[in-house]
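Participant: As you go down the protein sequences, you meet chains P and B in turn. For the first sequence, the residue numbers in this note's numbering are 1 to 259. For the second sequence, the residue numbers in this note's numbering are 1 to 258.
For the record, the hints were derived by calculation from the structure and aren't laboratory data. Keep in mind the model is a prediction, meaning the values are calculated, not measured. One or more of the hints may lead you astray.
As the list claims (entries may be wrong) - Selected chain B positions facing chain P (in silico; Cβ < 7 angstroms):
no.	residue
1	Leu73
2	Trp98
3	Ala138
4	Arg139
Even for Gly, the Cβ is constructed at its ideal location relative to N, Cα and C.
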Amino acid sequence: MSGRLRRGAPALALALALLGAWELYADLSGLESAVLPAPHEVAAALWDSGGLLWRNFAVTAEEVALGLTLALAGGLGLAVLIHLSPLARRAIYPLAVGSQAVPIPVIGVLLVFWWGFGILPKLVVIALICFFPVLVTTVDGLGAVDPNQLKLLRTLDASRWQAFRLAELPAALPAALSGARIALTIGVIGAFIAEVATPTTGPYPGLGRQIMTDINFQTARAYAGTAILFAFALACFGGLGLAERRLTPWSTQPRGDTP
Amino acid sequence: MRIELERPPSRPAILPGRPAVELERAGRVFAGERAPVVALEELTLSVAAGELLALVGPSGAGKTTLLELICGLQQPDSGRIRSAPAALMPQHDLLLPWMDASENAALALRIAGIPRTEARRRAGALFGALGLEGFQRARPRELSGGMRQRVAFLRTLLSGKPVLCLDEPFGALDAITRAEMQEWLAGALTAEPRTVILVTHDVEEAILLADRVAVLSPRPGRLVAELEIAIPRPRRRTERELQELREQVLELLRAGAR
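Chain P with its partners taken away, still in its complex shape (with noise of 0.2 angstroms):
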């Protein structure tokens, strides 16, 4: 634990760093609390609104978990897809590629038309800018496989399924965990962009909803908040650190540290 801690220590002291410039900041400055509050007000708006951030969280955690699934099983599938076909890679990987200069909210509007004020239409938007990052380092992966080690299967009589499940798969694995790493961490301002993008009805519209409301009236509470998003992107960043370490014990591939 203690080793931990002592990794922990440099982001710690940083955060402290940054944190105390921006009380003496909001105090020396003259800014209005509205236009920038300190760090103890957001604390505060943390503390006594606690119970509606939390509540909102759980709304935009959910769209996080099932949007970046949506993006992983899209990411990886489109990836073997255009790996196992010239004719799929032709086909799909230029609208991919234009499919993440789509404004979001120029789709918002229409996928809210289509499937209403529920959370599909979220999903969708978090899947489209997630499944991106997935996909292009899937399909390096799947591609830079050593060709000798596919040319050994052959004279070993493997089919073109066995080459693919034996060598190329779990040779892309890695670069495909950094890929979903990239996913995931931006799922959260994905998640953002969603609820911002797409009307919701219900209590709670989710936590990027929120902090578009709060914004206008209620700063510290938007950056609380906002601070919320922050701990939840590097929890999941961590996160999934931990898996790739399960999944992929072979890999020699320098990994971010888990923060």
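The hints should help you fit chain B onto chain P, whose structure is shown.
Facilitator: This is chain B only, laid out in the frame that chain P set:
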């Protein structure tokens, strides 16, 4: 060493009386940047069943190409090649890093449809014979170079194919390990005869192990000479006869390069 091999019934065994491998004026040409590169030219060669043929030649003599032709990974551009089913042990061990040693050795069994646990058990049971006992679960990167080569050799052997094509199997090893592995291979093949085509840079290794040595010229690879090695086994690298043959082969290599 005693290694029981299940040969899939679809595989024809070596036909008695016919060579295991036959090349008839086989040629292979690659598209080069400016001009086509002739890797092999009119190569005629045959290997009897149970024979160990060593192929020596300078880099670029098309030795690896020749093995890939025999294993069916490439097709000749001219001439004919006929071979009993052949398994390749590539220059680098190419063990799969996500599998442990016994799974790597069992690769051919897995491919033949034997379930993972069973394949692993069968391969793992042979580890003792190769001096690998206790390393069944080790990952390739935890093994020394010599151990990795032995796992790769076992993987080749377990393919059940009658012809083994070994492409500089000990080239990447240090001198002491290489000497150990050569002795080990000689012993293993005495106990478990196979038709072997051994590609090597190392003339001494060729003479130490082979029944016959074929000398190739630099690109385009042509057959310069074939020498029967009649020295009785077990052979010692210090024997005078072996040293004389070594000089003779080196001289042939020099002559071929001219």
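Participant: Given Leu73/B was flagged as interface, is its beta-carbon under 7 angstroms from a beta-carbon of chain P?
Facilitator: Since the shortest Cβ distance to chain P is 6 angstroms, the answer is holds.
Participant: Trp98/B was flagged as interface toward chain P. Is the shortest Cβ-Cβ separation under 7 angstroms?
Facilitator: 4 angstroms, holds
Participant: Would you check whether Arg139/B satisfies its interface hint, that is, whether its CB is within less than 7 angstroms of any CB in chain P?
Facilitator: Check passed: Cβ of Arg139/B comes within 6 angstroms of chain P, closer than 7 angstroms.
Participant: Does the closest beta carbon of chain P sit nearer than 7 angstroms to the beta carbon of Ala138/B?
Facilitator: 11 angstroms, violated
Hint check: a violation occurs at hint 3 only; the rest are consistent with the structure.
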